[in-house]
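Q: Given the structure of chain A, go ahead and fit chain B onto it with the hints provided.
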Amino acid sequence: MDKEMITGSESLMRALKAEGVETIFGYPGGSIMPVYDSLYEYTRGEKKAFHHVLVRHEQGAVHAAQGFARTSGKVGVAVVTSGPGATNTLTGIADAMLDSTPIVVIAGQVGISALGTDAFQEVDLVGVSQPISKWSYQIRHADDVAWAVSRAFYIARSGRPGPVVLDFPKNAQTHLCEWTGPEHVKSVRSYVPYPTPSKSSISEAAKLINSAKRPLALVGQGVELADAHQELIELIEKADIPVGRTLLGLSALSSRHPLNKGMLGMHGQYALNMKTQEADVIIAIGMRFSDRVTGLPSTYARQAKIIHLDIDKAEINKCIHADIPVIGDCKVTMPAITKLLNKNDHTEWKKSFDSYFEMEKEQVIGPAIHPKEGPLLMGEVVNAVAEATKGDAVLVTDVGQNQMLSSRYFHYNKKRSIVTSGGLGTMGFGMPAAIGATFGAPDRTICMFCGDGGFQMNIQELGTIMEQQAPVKMILMNNNYLGNVRQWQDMFWNGHRSFTPMMNPKYNLIANAYNIPYELVVDRKELSSKVDKMLASKGPFILECAIKEDADVMPMVAPGKTIDEMMLKFNS
Amino acid sequence: MEQEKKFYTLLVYSENIAGILNQITAVFTRRQVNIESLNVSASSIEGVHKYTITAWCYDDQVVKIVNQIEKKIDVIKATYFTDDQLFIRETGLYKLSTDEVMQNSEISRIVRHYDAQITEVNPTYVIVMKSGNTEDIMNLFNALNEFNCVLQYTRSGRIAVTRSTQEQVSEFLEQREKAER
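Chains as they are written, first to last, in this note's numbering: chain A, 1 to 572; chain B, 1001 to 1181.
With the rest of the complex left out, here is chain A (with noise of 0.2 Å):
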């Protein structure tokens, strides 16, 4: 038999489409004409495989990507342009790394021939990616093309996810190859994902968590990405232990559950941050300790013995000390120490919990979302939308004051609900980030609630949702501020509000120049209705709030304090 020979670029093709990729998201350019030229095939007529969607930013095809895996599950593909294509993804790609977000980002580079010259549109890609990458690749050869794709979505998706990268000169694009099927890269020698949980550590956590009187469990996003929400729950319920989330494991317990306490950390719940200080066993399970769940570290639940469940062995004791590390996939480890476990019962302990909730809900709950006079508040809105949408929507964040009370006051009931940038804190994630998440998981309503600030960083994705109809509902929290740096500003930088006031420009001609359907709230009375008609309508909707300018986000752990110094109110 003859043998088949295809360019590398034809073999990129196939072997996305063996990795069952059906989304792209790029953006052409000098480098990477050859994949595009072929891409031309795969996207319409015979051989139609994927679906091509084209951002205006590079930036914006790699948080789309983010927002598609987040919400999939899948591994997110963008593809872009060597040079100033290729370093439009870094944000991305370093968000996708603090935040374990499996894509591939296949970037074109001048051929190897041309490698060092400076060349036109050269940047050592590899280089200045490894750092902020799971693994970073150039294909050299279009005979490697094949293996390095395998190769490359394994590891995005095994383990603690990644982003990866691929840099791919021009050369290995065109040249021939001969084509033997794809590869499956099924393991990596010096890779390993799954760690062998030790026995030991298991029976030793579960002999803790029997001991323990006053229980509680921090859930990350682990959790959902090792898709253990039941795992999960029958933990928590048959030791009985409350359970409080971080930013990006939100969705991984649903809100309606009763063991569900809340949110971590610094705009958290003050029934947990108080309850963190008062724990004799702490459980933590695919969460890493952030800064901004533990607040001063040093002072971070001395009194607790910490269990600590991680697939990434690297992430034990590198924040907190973990007397009890259990290193292992939490979808094995976790029923492994429910096994082990007695039925118990924490009433009083959980009981206890209630005061403080009482006090928050009087003094910062209430106030925030059912206020009774003064201009609109964010809480309101994302409430309205919140019980609008009944806990079945999925809720895409941009970064800011429009995070944190939309991630505070948003209802969960299904896995994979939250997509935010929890790590690296990208204002300008939430826009491309949400049309990713309507091609990840086209059958649910997208909210992505952004600020004004965010909304401007990348205000060019409106050109994206525009062209392919992609149903994000923006709720646009408008206050005419940096509302989170000036909040900051007025509370520890002497007040002075060093350019944070924003001149907005008209959201209504900016919606109409992209012929998206617009509506302005700023009368309360109104807030309802028009959460409706943005929920009742078919593609994108958006849905400016005139947002009142100088509240803050309440109840907060100030920087460099401990928890349970956790403030109600701003001086209290």
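Hints are computed from structural coordinates only; laboratory data are not their basis. Relax, there's no trap hidden among the hints.
Now the in silico label distances, taken between C-beta atoms and shown as ranges:
#, chain 1, residue 1, chain 2, residue 2, range
1, B, T1165, A, D443, 53 to 61 Å
2, A, G116, B, V1040, 15 to 23 Å
3, B, E1174, A, K47, 39 to 47 Å
4, A, H257, B, V1040, 49 to 57 Å
5, A, D2, B, V1161, 50 to 58 Å
6, B, V1161, A, A114, 37 to 45 Å
7, A, H257, B, R1163, 51 to 59 Å
8, B, K1006, A, M359, 46 to 54 Å
9, B, V1040, A, Q121, 28 to 36 Å
Using N, Cα and C, we set each Cβ at its ideal position, and we do this for glycine too.
A: Just chain B now, with coordinates in the frame of chain A:
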């Protein structure tokens, strides 16, 4: 309690793929920890490279550095040691002026005293080589330097093998190969 920095030697084994050195050193750079010496060579296992790295750091810092290095996909194993756990060697090369050496017999006496080898002699220079620990190599340099006879001097990075009877890397690779089958 103020922690004291200790002198650690890291032994790292990786696949032979371009760019790994960069990834390893970046772990140090990120924490602004200086690498004191670095040696890279093929190991006894085909296709596996061995890095011997020394640095001053705190106890908890070295653990984190090793974990972050081992987390790199193509790194097979990273471990850290103190000097008592290792057999260690460094090499010094001293290029001396032949004229000076000929004129002063004390110089060759010092070379013999330090148990160094003369490896090459020609009318302009003499090359002396010494293997040993850092201190001995430095002491020989200081002694020779007093005679103003040193034209060039260089000291290698540290190379080390463990004193342990186990070979962690080959055992790890065997386990991995079994798991893959």
